[in-house]
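Chains as they are written, first to last, in the working numbering: chain A, 1212 to 1484; chain B, 2 to 264; chain C, 16 to 273.
Since the hints were derived computationally from the structure, they do not count as laboratory data. Take the hints with a grain of salt, since some may be wrong.
Said to hold, decoys possible - Here chain B is said to cover these stretches of chain C; the calculated rule only asks that three of the stretch's residues, wherever they fall, bring their Cβ under 8 Å from a Cβ of chain B:
hint: 1; segment: 36-43
hint: 2; segment: 109-120
Claimed, not checked - Derived pair list, reagent style BS3-like, types lysine-lysine, alpha-carbon separation capped at 25 Å:
hint: 3; chain 1: A; residue 1: 1384; chain 2: B; residue 2: 132
hint: 4; chain 1: B; residue 1: 17; chain 2: C; residue 2: 234
hint: 5; chain 1: A; residue 1: 1445; chain 2: C; residue 2: 60
hint: 6; chain 1: B; residue 1: 23; chain 2: C; residue 2: 131
hint: 7; chain 1: C; residue 1: 212; chain 2: B; residue 2: 17
Remember, predicted model here, so these are calculated numbers, not experimental data. Backbone N, C-alpha and C define an ideal beta-carbon position, used for all residues, glycine too.
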Amino acid sequence: MTKPESFITNGIRIDGRKPEEIRPITIEVGVLDRADGSCYIEHGLNKVLAAVYGPREVHPRHMQKPTTAIVRFRYNMASFSVEERKRPGPDRRSVEVSKVSREALEPVIFTEYFPKSSIDVFVEVLQADAGTRTVGINAASVALADAGIPMRGLVSACAVGKVDGELVLDLMKEEDNYGEADMPLAMTQTGEITLLQMDGNLTPEEFEKAIEMAQEGCKRIYEIQRNALIERYKRDIETEEEPLETPEEEPVEVETVVENEAEEETSEEVESE
Amino acid sequence: MNDDVMNQLKKDYLYKLMLENKRADGRNFEEYREIEIQTDIIDKAEGSASIKLGNTYLVAGIKIQPGEPFPDTPDDGVIITNIELLPMASPIFEAGPPREDAVELARVIDRGIRESKAIDLKQLCITPGEKVWIIFIDIHVLNDGGNIMDAASLATTAALLKTKIPEKQYQLGNNNNDDKRLPIRNIPIATTATTLENTIILDPTNDEEQIAGTKLTIITNTNNTISAIQKSGREPLTPTQIQHITTLAKEQSQKLREKFLEV
Amino acid sequence: MSEKQRIVIPGDLVSRDPARRGDGTYVRDGSLYASLYGLVNEREKIRVVPLSGKYVPTRRDVVVGFVKEVTFSNWIVDIGSPYEGLLHVSEYPRRIELDEMSAHLGIGEAVLVEVKEVDPMMKVELTMRDRRLRVIRSGRIVEISPSKVPRLIGHGGSMISLIKGASDCSIVVGQNGRVWINGKGCDEGLAAEAIDKIESESHIPGLTDRLGRFFEETKNDADLNESDSNESDSEEEVVVESGEEAGKGNNIIDELLE
């Protein structure tokens, strides 16, 4: 891979996106049959699978917590997921990513409902192309819902970076490799930030704007996550039901209206802060 | 439910079915589950394939990089095979260093490819004694529905058939393009049978594996020779059983090999 | 059933009235939100009925367990939950010696037990001291998601009766999603298939009708002789039932003897 001469030409990035545009995302729910919940996401060239087991008994027992469930998160990159083969097993990077990803999700999980148990999240990166930790969090969040784990809401994650001195949303590989900054962020539906990391160089003004951009990205990703979960069962419900009895769009439309209201509240909250 | 202790009733049920010449999923004893193979699914890998064998789901990725040959084979390419039984694939797989069954699986797959001479290693020499192509076969098991061995073997072979040597990327070799295929001369295929009392079944599910006695894997080649055999499990096998399984493997692998004409 | 099905995910607003809080919801800023991925059930209380999830034991639940360990005076029972159950030797239906525990109930064997007590530390004590409870030595056990148990039972036991009638089996539904199918000469396979169908289609409206059609089709296929009525030789029928209305199935042990 060589550094492109310029990353942004006439407001368009090397992969054809505008600065505040995210890559195409497809989400599939319930793809693994042994796991209690699972999710597969293709995000740009990233291909990431998440599985959730639990709540289940904790092994080893000394890790049990008397009043809450423990959440364990294992982020793993397949050896073939990157240009240069990665040695199998955890390295320092994946240990750190696992830790911050777990902390990104823990605030939304009602761990107090399952004392002494564990909720185990496994993220497998099959193909990596920048932003795998955010994709892993997005997949894990959907897989947790699919597993029937009680949560306050989903968590959505997205990165902002800087290339050619300009802030761009959702870095792809070249932008990540040769860019001037990379800032992954995860947030809850109510706008609380549960993951924030940055490396590179940003001015305080840029940092402030980067947060806003990342939040916008997360909101868009949230809609895609939500839609994937709804669609999984909606199709069944619609095709099997007598069309006369239940107008096709209705249940979801009701939902969407409600959702917008909730979001408006959220954005107000964020603005007033 | 705990997988380590299967409840007696379920065992009884599977045995009862067996006596009626039936299996829980309706297959006959020598029938494989539906196989779905997709190749070239990982752009970052030089070759790749995913397979769904019933509920078993895994991905094989091939990476090729230049490196040093082994001292005893200075002008041969190198094959390194690894299987990850990911903790996402089953409630009983745990994170951590490979368990002995992962090591066994990887070594059997490796022997099948190596001993069948499926890859012409001589052609993978860049500078004798100094630099050769190293082929990394990494198999990631994503869902264990039983018979990982055969699924891994099929996915590996499918991926190898599509693998290209990255000559251009590393500025090596005489072609200087990335389109040169890996020299494949043989299609080794694993067939695994397992004993259930006096019966022999092919392609066991994870439930069947729990009540099974012993597994026998036979890796056969295009010309019907055998390049690897592995007995796995405590119970002994009789010579008759082994012969029977070998015959089944020969027939079955021919059928499976036809899959690759489609790929 | 033409009940409108509304799917929600965790964090979706379900009501502005926090007083209507039912299972699967939580209150935030004075409104009611879903905490689970599931279908909204709007009665007096608003519940979110999950589409998946683990069984959490509650006192008086009847469950099917598998013995996974025998200790000095307890059987340790896997009850399909993050928490194992303890069955003390004194909770066995009759008095047995400590050194005979394994002979009466060994590792891998199935038991129909009741949850006697659950403490805040999630220590789960089980009992077999009720005539409905027993060691299960015949028939089959199939598993469904515990969240589907109310659907399998149906309103007032309608669904399970339908299956029992068609298959001639005695069926006991454990709150933990393990279902015991049993009966001399009954069609265990048919019952299991029907339960499987409910497991995979319970969120789709019109389930009862579809199941009725399913039985009709299989009946036609097999050309069964119709003389066998519902009252066959299934000796005793026990239904452990979950009330649809009840928040969790702890108050609802219903016994139907035929």
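When you check the alpha-carbon spacing of residue 17/B and residue 234/C, does it fall within 25 Å?
holds, 24 Å
25 Å limit on alpha-carbon distance, applied to hinted pair residue 1384/A and residue 132/B
Not OK: residue 1384/A and residue 132/B at ~30 Å, beyond 25 Å, violated.
Check the hint pairing residue 23/B with residue 131/C against an upper bound of 25 Å on the C-alpha distance.
violated, 40 Å
Is residue 1445/A within 25 Å of residue 60/C, Cα to Cα?
holds, 24 Å
Three residues minimum, CB to CB under 8 Å: does the segment 36-43 of chain C make the cut for coverage by chain B? Let me know.
violated (count 0)
Taking only the CA atoms, is the gap from residue 212/C to residue 17/B under or equal to 25 Å?
holds, 23 Å
Verify this for me: three or more residues of the segment 109-120 of chain C with a beta carbon less than 8 Å from a beta carbon of chain B.
Since three or more residues must qualify, the claim that chain B covers the segment 109-120 of chain C is violated, with 0 doing so at under 8 Å.
Checked against the numbered hints listed earlier, the structure breaks hints 1, 2, 3, 6; every other hint is satisfied.
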